[in-house]
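Those protein sequence lines, which keep their order, are chains A and B.
Residues in the first sequence are numbered from 1 upward in steps of one, following this note's numbering.
Residues in the second sequence are numbered from 1001 upward in steps of one, following this note's numbering.
Just so you know, not all the hints are guaranteed correct.
Stated by the list, open to error - SDA-like cross-link-like pairs, simulated, lysine to any residue; straight-line CA separation at most 20 Å: (1) Lys1076/B x Asn20/A; (2) Lys1145/B x Leu75/A; (3) Lys1145/B x Thr72/A; (4) Lys1076/B x Asn77/A; (5) Lys1317/B x Ile153/A; (6) Lys1076/B x His26/A; (7) Lys1062/B x Gly1049/B; (8) Lys1062/B x Gly1052/B.
Keep in mind the hints are simulated off the structure, nothing from the lab.
Below, each chain spelled out in residue letters.
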Amino acid sequence: MLHLILFLFFGTICVAGAINLLVQNHPINSALSLIAVMASLAAEYLLLGAEFVAAVQVIVYAGAIMVLFVITIMLLNAGKEERTRGSRVAILIGVPGVLIGAVLVAWTLLNRSDLQTVPIGALKGDPSDIARLLFHDFLLPFEVTSVLILIAIMGAVVLASRPEAVARGPRKDAE
Amino acid sequence: MSITAFVIISIIKSLVVIVVLLTAVAYSVWLERKVSAHIQNRWGPTRVGPFGLLQPVADGLKFILKEELTEPHVYKPLFIAAPIISLVFALTTISVIPFGNWVDIGPWGTYLQITDVNIGLLIVLGITSMGVYGVALAGWSSNNKYSLLGGLRASAQMISYEVSLGLSLVGVLIITGSLSLRDIVDAQRHLHWNIFLQPVAFFIYLISAYAETNRTPFDLPEAESELVAGYHTEYSAMKFAMFFMSEYANMVTVACLATLLFFGGWLGPVFGPELLQMILPVVWFCMKVFFFMFLYVWVRWTLPRFRYDQLMAFGWKVLLPLAVANVVVTALIVAWRA
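For reference, chain A alone in the conformation it holds in the complex (with noise of 0.2 Å):
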């Protein structure tokens, strides 16, 4: 019963913010509704057990990922939005497309009927296991990813020091 109380109050503030996200015309005042479903997330992520999915989902994406969102909108000063009528196109084709997209869903969903329900904290999110998993079960596809992200961190080094060194020529001088 407390988890159900608990799972409807995450619930509602996380689909809240990211309804808050849309609404709001200005980019802090967005930011912080992303930083509040982050945070509502994690604790539904607690309330099945996962631990350490919960702090991780904190530390990174509520803690550090967002941080360097609020600073680019700090930095870049950015004021409020104004207010479009929005696109036709996607008036058009999204609006039908999520609708029908979620029909879809819960029509799967309801319509299988060897889908069970796991009792809350069946699942084991011990950081042990979920080592296990990444280090040994599946440790080339993590590898793989990491490979992946240290490209897209030297393409974005590249990409950002490149105007200058065409601007200035090569720099002699370390900061």
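Start from chain A and add chain B according to the hints.
Then chain B, alone, in the frame of chain A:
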């Protein structure tokens, strides 16, 4: 244990811990003023009470009674929310910090800790990583260039040093094999303190922790010689006091964590009658934490401030590679021994 007993014990523990923490915060301000005065050959607070011991009370009264200014140019919702965010996250971390062993009170027994979580360390890291929003939003919502610069510096600095702080803890975690703060302390019995096993990690932790809490030599976000007062330029009265309290509460948390991870927590010689055996671990814990608080003040009044580029270069080019090297060496040694 029945649910009623559990609830009663939890409430009592939370109340005691919060009261002790807030008192510790108030008196660390007194400690700061007193120690800094003696370092500079002055007396510090002496007028209010013996040795100026009632000074924190006077300060508190002053903060409450002062006029609360909210300038017309600030972005009000966030301007009010920012100090609250700072203080809430600074005070929450104490809930997973263990400060003693199991004690028996009449028919019931409890660990001296508000709640024992098996990923306690990660919870602390998560909550402290959220604390940066208070400072960043305060800087932004003040609508003032000094505040904005202070807020930007704070966020950039905290992100940079959080990386090496997190990595410095990995060495300890590899040795212990657990994320529970209680297990980490239990693994340090018989003077196997992690400071002896992980000296490099300890110094990386200490330096990054100073940067995380915005203390000199890393107090760039509020560098008064260039930014007036940094992110809290526009704050006055109780709102300013909340930033002040959260800074000192963060210092207490960081000192507690250093004690638990590297200095054996509440472990120490235990002897005498039963009551003394119950109290002594807490005494050792408090003494170790006090040592770190003193060190904080000592460092602040001894070292000058970094320049901003030095700060960033030091964080990314010295501390981070050192922390990574420490993790690799520790992992190799542990794997070789296994």
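Do the hints match the structure? See the list:
Between lysine 1076/B and asparagine 20/A the CA atoms are separated by roughly 18 Å; this keeps the pair inside 20 Å, and the hint holds. Under the criterion of a C-alpha separation no larger than 20 Å, the hint pairing lysine 1145/B with leucine 75/A is consistent with the structure, at around 11 Å. A hinted pair counts as satisfied when its Cα atoms are at most 20 Å apart, and lysine 1145/B with threonine 72/A qualifies at roughly 16 Å. At roughly 17 Å between alpha-carbon atoms, lysine 1076/B and asparagine 77/A fall within 20 Å of each other, so this suggested pair holds.
Between lysine 1317/B and isoleucine 153/A the CA atoms are separated by roughly 17 Å; this keeps the pair inside 20 Å, and the hint holds. For the proposed pair lysine 1076/B and histidine 26/A, the alpha carbon gap of about 14 Å is at most 20 Å, so the pair holds. For the hint linking lysine 1062/B to glycine 1049/B, the alpha-carbon distance of about 16 Å falls within 20 Å, and the restraint holds. Between lysine 1062/B and glycine 1052/B the CA atoms are separated by roughly 15 Å; this keeps the pair inside 20 Å, and the hint holds.
Hint compliance for this structure: every hint is met.
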